[in-house]
Amino acid sequence: MANQHPEEHVFHQHDALKSGIKGALFGGGAGLITSAVQNSLAKRNVGSWGVFSRTGGTIAMFTALGAVYTFSKDASANLREKDDTLNVTIASFLGGATIGLRTGRMPQILGIGAAFSVIMSAFEYTGGSLRGGPRTEVPEMDEYDRKEYMRRNRRRPLAETIADVGEGRGIEPPGYEERRRERLKEKYGYEIKPVSANVE
Numbered sequence: 026m027a028n029q030h031p032e033e034h035v036f037h038q039h040d041a042l043k044s045g046i047k048g049a050l051f052g053g054g055a056g057l058i059t060s061a062v063q064n065s066l067a068k069r070n071v072g073s074w075g076v077f078s079r080t081g082g083t084i085a086m087f088t089a090l091g092a093v094y095t096f097s098k099d100a101s102a103n104l105r106e107k108d109d110t111l112n113v114t115i116a117s118f119l120g121g122a123t124i125g126l127r128t129g130r131m132p133q134i135l136g137i138g139a140a141f142s143v144i145m146s147a148f149e150y151t152g153g154s155l156r157g158g159p160r161t162e163v164p165e166m167d168e169y170d171r172k173e174y175m176r177r178n179r180r181r182p183l184a185e186t187i188a189d190v191g192e193g194r195g196i197e198p199p200g201y202e203e204r205r206r207e208r209l210k211e212k213y214g215y216e217i218k219p220v221s222a223n224v225e
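Okay, so the sequence shown: first residue is 26 according to my numbering, each after it adds one.
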């Protein structure tokens, strides 16, 4: 008898602290680059330390955003024992609220958190990639095998293609010249003699 219970996905715990530290490092790096760009576009010459003194808040915001997002994503996955889109929704809301904290106004904190949450949840739900989801029919299939599979699966016989497209315009299947001569004779009453390579 077949197994009555389908295989359940086994959840593995995530290290939320390690993810938070990684997110803080990546966010801090992105913030440093953004701060350097802001500093270089300043109208007044503020010097190289302006990256930290004048636009240093950008570095702190990006660092906090990365840490809060990655930590809360893994922490919510651990608490719920599921890897799904809701983890991204929770983490995105908290990350967006972290961005909104700079304003100090509750409507903006909630609004930015909700907007960030909607955008990131939709992105995660639709595959989490700008290139689209996995395109292979079999997940283990690489791109070359997928293309070969599609060629074999979608290939049509030549006779069927010619029946749909029609003859002429450079499509000359076997026996085309004889059928062309017959059509011209029926339509115009003129017989075309085939060209011979032999000189008479």
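Derived from the structure by calculation, the hints contain no laboratory data.
Each hint should be verified, as a subset may be incorrect.
Dumping the calculated DMTMM-like pairs for lysine to aspartate or glutamate here, alpha-carbon to alpha-carbon at most 20 angstroms [claimed, not checked]:
1) Lys212 x Glu202
2) Lys107 x Asp40
3) Lys210 x Glu185
4) Lys107 x Glu168
5) Lys218 x Glu149
6) Lys218 x Glu207
7) Lys43 x Asp108
8) Lys172 x Glu149
9) Lys218 x Glu197
10) Lys210 x Glu197
We went through each hint and held it up to the structure:
Of the supplied pair hints, the one linking Lys212 and Glu202 holds, its CA atoms being roughly 15 angstroms apart against a limit of 20 angstroms. Distance restraint check for Lys107 and Asp40: the Cα-Cα separation of roughly 14 angstroms lies within the 20 angstroms cut-off, and the hinted pair is therefore satisfied. Our distance criterion of 20 angstroms between C-alpha atoms is broken by Lys210 and Glu185, whose separation comes to about 26 angstroms. For the given pair, Lys107 sits about 30 angstroms from Glu168 by alpha-carbon distance, which is inconsistent with the 20 angstroms threshold.
As the CA atoms of Lys218 and Glu149 are separated by approximately 68 angstroms, the hinted pair breaks the 20 angstroms bound. For the proposed pair Lys218 and Glu207, the alpha carbon gap of about 11 angstroms is at most 20 angstroms, so the pair holds. Only pairs whose Cα atoms come within 20 angstroms are accepted, and Lys43 paired with Asp108 is accepted, the gap being roughly 17 angstroms. Between the alpha carbons of Lys172 and Glu149 the distance comes to roughly 27 angstroms, so the proposed pair goes past 20 angstroms and is violated.
Pair hint Lys218 plus Glu197 holds up; C-alpha atoms about 18 angstroms apart against a cutoff of 20 angstroms. As the CA atoms of Lys210 and Glu197 are separated by approximately 19 angstroms, the hinted pair is consistent with the 20 angstroms bound.
In terms of the numbered hints stated before, the structure departs from hints 3, 4, 5 and 8, listed from lowest to highest.
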